[in-house]
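Heads up: the protein sequence lines correspond to chains A and B, in order.
Under this note's numbering, the first residue of the first sequence is numbered 2, with each subsequent residue one higher.
Under this note's numbering, the first residue of the second sequence is numbered 2, with each subsequent residue one higher.
Accuracy of the hints is not assured; some may be wrong.
Intra- or inter-copy, both count: the list cannot distinguish identical chains.
[Unchecked claim] Here are the simulated EDC-like cross-link-like pairs (lysine to aspartate or glutamate), alpha carbons at most 20 Å apart as the crow flies:
| no. | residue 1 | residue 2 |
| --- | --- | --- |
| 1 | Lys8 | Glu90 |
| 2 | Lys8 | Asp84 |
| 3 | Lys8 | Asp44 |
| 4 | Lys8 | Glu18 |
| 5 | Lys75 | Glu18 |
| 6 | Lys75 | Glu17 |
| 7 | Lys75 | Asp44 |
| 8 | Lys75 | Glu56 |
| 9 | Lys75 | Asp46 |
In case anyone wonders, no lab produced these hints; they're calculated from the structure.
Number of protein chains: 2
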Amino acid sequence: MFGLIGKIRAHPGRREELVSVLLSGTGAMPGCLSYVIARDVADADALWVTEVWTEEAAHRASLSLPDVQAAIAKGRPLIAGFDSQTRTEPVGGAGLPG
Amino acid sequence: MFGLIGKIRAHPGRREELVSVLLSGTGAMPGCLSYVIARDVADADALWVTEVWTEEAAHRASLSLPDVQAAIAKGRPLIAGFDSQTRTEPVGGAGLPG
Numbered sequence: 002m003f004g005l006i007g008k009i010r011a012h013p014g015r016r017e018e019l020v021s022v023l024l025s026g027t028g029a030m031p032g033c034l035s036y037v038i039a040r041d042v043a044d045a046d047a048l049w050v051t052e053v054w055t056e057e058a059a060h061r062a063s064l065s066l067p068d069v070q071a072a073i074a075k076g077r078p079l080i081a082g083f084d085s086q087t088r089t090e091p092v093g094g095a096g097l098p099g
Numbered sequence: 002m003f004g005l006i007g008k009i010r011a012h013p014g015r016r017e018e019l020v021s022v023l024l025s026g027t028g029a030m031p032g033c034l035s036y037v038i039a040r041d042v043a044d045a046d047a048l049w050v051t052e053v054w055t056e057e058a059a060h061r062a063s064l065s066l067p068d069v070q071a072a073i074a075k076g077r078p079l080i081a082g083f084d085s086q087t088r089t090e091p092v093g094g095a096g097l098p099g
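Take these sequences, add in the hints, and give me the full structure.
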């Protein structure tokens with residue numbers, strides 16, 4: 002499996018708009034096992050996106066999906082920056098299909 | 002929903018043991034929607050644990066489950082420290098039940 006854990010910083014006061022945009026982009030994504038959008042409780046402009054994919058190629062392919070491309074275009078002006086982005090190799094746990 | 006994103010540092014060379022211990026502790030946990038254990042690709046001793054719970058009380062209650070208590074006892078000597086621990090409020094996405 003392939004994973005990403007990213008902390009995204011919205012422009013001040015724009016986090017909820019960014020949440021809506023990200024939710025709109027996470028429909029049918031082949032190979033996506035988990036994609037969770039979460040507010041940082043202690044940081045009013047920060048969001049965390051944690052992703053699990055069957056393999057890295059599935060994540061790469063998702064970036065060409067129309068819904069994802071639309072979300073990227075709509076989300077970009079709301080994003081001040083990426084505080085961190087980590088590549089992971091998910092091993093298992095609970096709540097993953099299979 | 003209630004979430005946690007933690008970066009755990011194993012003692013040098015002990016990460017795979019810690020993975021096994023954590024996997025053994027993630028059986029039936031009421032209120033757990035997702036619990037993913039992942040290796041950091043760029044940091045040989047680091048693991049990420051990303052959790053989504055129905056509510057914080059469910060997470061707290063899980064710490065009393067026998068399997069979880071056993072995993073905590075077995076895992077503690079393998080852990081050098083916690084590089085980061087973030088509380089989140091998951092909003093949605095893909096791969097969550099319901």
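Which hint numbers doesn't this structure obey? Hints 7, 8 are the ones this structure does not satisfy, whereas the remaining hints hold.
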